[in-house]
Amino acid sequence: MRSLLLPPPRDLHRQPLSTVSVDPCGLWRVSRFAHGEPHFGRSAANRFDDPHRTVKRRFGTCYLGCSLEVALAETLLHDEMPQRGRFKVAASEVESRCCWSFRGAVLQLADLTGVAAKALVGSGAISTVMPYDLPQRWSRALQAHPAGVDGLVYMSRHVNDTRAVVLFDRARHKLQQGHCSRLVDTPEALHALANLRVSIDFV
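Here the sequence shown stands for residues 1 to 203, numbered as in the working numbering.
Keep in mind that the hints were calculated from the coordinates and are not lab data. Just so it is clear, the structure is predicted and the values come from calculations on it, not from any experiment. Among these hints, one or two may not hold up.
To be verified - DEER-style ranges, computed between Cβ atoms:
(1) Arg10 - Gln176: 33 to 41 Å
(2) Ser43 - His173: 17 to 25 Å
(3) Gln177 - Ala45: 20 to 28 Å
(4) Pro51 - Asp79: 16 to 24 Å
(5) Ala116 - Ala144: 14 to 22 Å
(6) Arg182 - Asn160: 22 to 30 Å
All C-beta atoms in this analysis are idealised placements derived from N, C-alpha and C, irrespective of residue type, glycine included.
Working from the sequences, and respecting the hints, build out all of it.
Okay, structure coming up:
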């Protein structure tokens with residue numbers, strides 16, 4: 001059976017991109033750090049990271065959610081499996097994380113959702129396929145596209161009716177720190193954890 005995700009075509013730079021405008025005020029990030037955000041990593045370990053072999057030649061990426069549920073599911077619950085319909089998470093894991101909001105200039109993102117994803121990459125598999133080799137190649141190709149997009153918007157693999165965002169480090173100047181608080185001190189985050197059916201284990 002033919003793969004649902006193929007490598008980016010050589011003439012991708014000649015194709016127009018469908019883009020969407022995203023206000024940073026609607027984005028959330030869950031992090032272990034109370035300082036230094038937004039962080040643009042170069043580990044080549046995540047879905048849309050730059051796969052270049054030389055670390056210094058990679059562009060950095062920063063992952064955010066279009067909802068707190070997405071930001072939490074993509075971090076705190078990334079490797080968790082439910083038990084009887086709920087996630088049991090150690091209190092130390094919740095207490096060690098911070099919730100970040102942002103402000104800044106409107107972001108222009110390549111659209112990897114819906115019809116736009118179908119027309120560009122063939123399916124929504126770019127958000128779900130593993131390992132990450134092909135999504136990373138797509139990310140590198142889209143980062144190099146003449147459109148100069150700030151990043152990508154795609155469907156979260158963990159909350160697949162809501163969007164997630166990855167920003168390229170060239171958009172760093174557009175994203176400014178808004179508010180940071182400990183997860184356990186953020187009412188919106190506690191509400192999102194309840195929506196995600198998370199039970200905090202204090203033992």
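Quiz item: Does the Cβ-Cβ separation between Ala116 and Ala144 fall within 14 to 22 Å?
Solution: This hint holds: roughly 19 Å between Cβ atoms.
Quiz item: Could one say that the CB atoms of Arg10 and Gln176 fall in the range 33 to 41 Å?
Solution: holds, 37 Å
Quiz item: How does the Cβ-Cβ distance of Arg182 and Asn160 compare with 22 to 30 Å: does it lie in that range?
Solution: holds, 28 Å
Exercise. Look at the Cβ atoms of Gln177 and Ala45 and judge whether their distance stays inside 20 to 28 Å.
Key: holds, 25 Å
Quiz item: So does Ser43 sit 17 to 25 Å from His173, Cβ to Cβ?
Solution: Between Ser43 and His173, where Cβ atoms are some 22 Å apart, the hint holds.
Quiz prompt | Distance restraint evaluation - Pro51, Asp79, Cβ atoms, bounds 16 to 24 Å | solution = About 21 Å separates the Cβ atoms of Pro51 and Asp79, which means 16 to 24 Å holds.
Hint compliance for this structure: no hint is broken.
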